[in-house]
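A.B. asks: Listed here are the chains, written in short residue letters.
Number of protein chains: 2
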Amino acid sequence: MKRNVIVGQSGGPTAVINSSLAGVYKTARDRGFHKVFGMLHGIQGFLDEKYIDLSKYIKNDLDIELLKRTPSAYLGSCRYKLPEIHEDKDIYEKIFEILNRLEIDSFIYIGGNDSMDTIKKLSDYAILTGQSQKFVGVPKTIDNDLALTDHTPGFGSAAKYIGTSTKEVIRDGLGLSYKKDIVTIIEIMGRNAGWLTGAAALSKGEDCDGPDLIYLPELPFDVSKFLDKIRSLIKKKHSIVVAVSEGIKLADGRYVCELSQNSDYIDAFGHKQLSGTADYLANLIAAEIGCKTRGVEFSTLQRSASHVASRVDINEAFMVGGAAVKAADEGDTGKMVVIDRVSDDPYQCATGIYDVHKIANDEKLVPRDWISKDGTYVTNEFLAYVKPLVQGDYPPVMVDGIPRHLVYK
Amino acid sequence: MKRNVIVGQSGGPTAVINSSLAGVYKTARDRGFHKVFGMLHGIQGFLDEKYIDLSKYIKNDLDIELLKRTPSAYLGSCRYKLPEIHEDKDIYEKIFEILNRLEIDSFIYIGGNDSMDTIKKLSDYAILTGQSQKFVGVPKTIDNDLALTDHTPGFGSAAKYIGTSTKEVIRDGLGLSYKKDIVTIIEIMGRNAGWLTGAAALSKGEDCDGPDLIYLPELPFDVSKFLDKIRSLIKKKHSIVVAVSEGIKLADGRYVCELSQNSDYIDAFGHKQLSGTADYLANLIAAEIGCKTRGVEFSTLQRSASHVASRVDINEAFMVGGAAVKAADEGDTGKMVVIDRVSDDPYQCATGIYDVHKIANDEKLVPRDWISKDGTYVTNEFLAYVKPLVQGDYPPVMVDGIPRHLVYK
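For the record, the sequence lines run as chains W and A. Throughout the first sequence, residue numbering follows full-length UniProt numbering, covering 1 to 409 in sequence. Throughout the second sequence, residue numbering follows full-length UniProt numbering, covering 1 to 409 in sequence.
The set of hints was computed from the structure by calculation and includes no laboratory data. Check before you lean on any hint, since a few could be wrong.
Restricting the straight-line Cα-Cα distance to at most 25 angstroms, the calculated cross-link-like pairs of lysine to any residue (SDA-like) are [what the hints assert, rightly or not]:
id, chain 1, residue 1, chain 2, residue 2
1, A, Lys235, W, Tyr408
2, W, Lys179, A, Phe96
3, A, Lys237, W, Tyr57
4, W, Lys180, A, Asp114
5, W, Lys409, A, Glu206
6, A, Lys237, W, Lys292
7, A, Lys292, W, Lys2
8, A, Lys59, A, Met319
9, W, Lys229, W, Asn192
10, A, Lys387, A, Ala350
11, A, Lys235, W, Arg79
12, W, Lys179, A, Lys94
13, A, Lys179, W, Lys229
14, A, Lys409, W, Leu47
15, W, Lys373, W, Asp209
16, W, Lys326, W, Arg101
17, A, Lys225, A, Glu206
18, A, Lys387, A, Arg191
19, W, Lys56, A, Lys387
20, A, Lys35, A, Lys56
21, W, Lys409, A, Leu233
22, W, Lys249, A, Asn283
23, A, Lys179, W, Lys2
24, A, Lys237, A, Arg191
25, A, Lys50, W, Asp209
26, A, Lys180, A, Asp114
27, A, Lys204, W, Lys180
28, W, Lys179, A, Lys229
29, W, Lys2, W, Ile127
30, W, Lys179, A, Asp53
31, A, Lys409, W, Asp355
32, A, Lys235, W, Lys35
33, W, Lys237, A, Asp48
34, W, Lys204, A, Lys236
35, W, Lys180, A, Lys94
36, W, Lys229, W, Arg254
37, W, Lys2, W, Arg191
38, A, Lys179, W, Arg254
39, W, Lys409, A, Lys236
40, W, Lys204, W, Thr129
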């Protein structure tokens, strides 16, 4: 007899992580699971016995639709890394005690690289100790840096936001640039992978030239060559827009933003907290070249903008959530659902499943040959890869002029 | 016999200034004007003989619809202040020489306070020198600080963007705030008037608590009282979101952002360029209280986000453009079209017309009694005023997943 499912969300929010949650919930109900529990704030909250019976909160199909349109993590997220099994068995015993008490068959965790590490450790522990629960991961990250999956849910919507907003910023600059030069530096998320920054090129089309320069973190950034590029561009046009990754680094490995500040805040996963690359470069150009400059940081807006989400992305996020429940129900464990691209044009994709031992902590970067030779743009191959992922709209349900969300309260 | 119309755009871009341009164009054609010229980059470009025949670029009704959905100034904008008539008659003689050569009857200028100053001077000069052209202004500014009009086109869409994005940022913070405190400071445009900053309260509703604190530039900002508020809030909740105007000032008149930097860039109208208020306050809280903080600047995004424009706003912008042509055609000069609110609920408005001599350079601020007693929020009266202006959507025409704009090339 089938028992219960539990699902959690982890890592940085996206516009569609809740669509995956909706997919988990719906498929679990459809497949006849008894209850669907939600961990509050992922495995960290779960360790504090914080979980809810989702059926008490997702009451009908309209709620499912609202959930698909709600950004950030409905259940709350966490950034919590489980210790190695040999380091602290007590934590694992506690987790499995709760799982057994709640009669959980399937444990679904929606997250990025660090979350797949959680799936790996829990499935390993279950096998080591002869327990029957199945552990399956659902990919999620705006950064698109997970290996083995063609792309990750969350990326498409962030890319659509970035393409749209970059185009609006470019138009803004053009409107104002009569007889004066304006250089706008847009800072985009992506510590090591330039997928999101490259998406700024989506603004390019019949009605827009796109950004003039795009700098991904995959290649070293040369400040003086950059200034030369700007000096040369400014002779030809008045408004220049540059998209840079927050994570661009000098050849010696230092982050560009470190040139202006001492950044020593390190998060729980050992990542350095970054900010200020756009402002630094804007100030540098103002000082060195003397024109008006602006730094625009898309910041947290780019990962939460469900009001301009991609329909493809929302639907795929929903699909991988459902596929994870199906996989666990059919006996898979220690796996992550992936998206396989069957065809570029017409775009078609299908879910697959991979062993998380092959996935965790392996960052997928933009291939060198998808970046232009001089390192200042992305190629048409890059755009052919990204474009299918931003197609279609999934408009918010507007109440009194503002998007309505489904919230846990 | 009717001759020609010329129209220009001036000042900071908005999401709907082109909808006013579309309204001018359509009404001018409908009323039988021969040609509709567009100044490129406002009066500044006009002085350089830069203008186009708009009918060559706006070819059909689809183009009009695209124009209504295109942010920033289609014709290009300028920030150019005409000298007083007695200071430099040559400039005025040049302008009227071109106007007469182009057989202009009606001169329509879309802009804010500074642009109405242009309408005033040109209409004065025409009267002084016995010339027949009519000069009418069309209000435009996201800041909503124009006197005599109930509100200005551009404000509603910016307010809708701010309400929507604030809600998404609040959700983002809630998702991440387990067992740790996160204070997010959102910086919103508005040098002296807090209309836009107050619009952050639109995020408040059944599914969202809204920002915890809202600071408008109308009242002096007390840094130590602010820190006390944060300290007190952080005892009750983990994620705190504060909306501040870029223009908040200390009791002694210094801008808060000046506390961290020396800002000495002054624009052509004598306005001090501001930036960094959110970052300053976020760093201050991190240092004084020790929690994680984030500064989010809506920056230029808030004035160009036509992808989330308000339908009421786009339609009103179109309407005031048309009303200006009608007024000039019927003999009005030295006037600005205004929007009169006929009723709040159901919301109804109509155009009116006022003498620009009464309007120019008179900033409309948020009334004291629309700000809470302790100065940290807006009242329900404020929200009742703003809400009708953000109603309805005017979705972009999406091409390949990204909004299509109409551009002059």
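A.B. asks: In ascending order, which of the hints set out earlier in this document are inconsistent with the structure?
C.D. replies: 6, 7, 13, 14, 17, 19, 23, 24, 26, 27, 28, 31, 32, 34, 37, 38, 40
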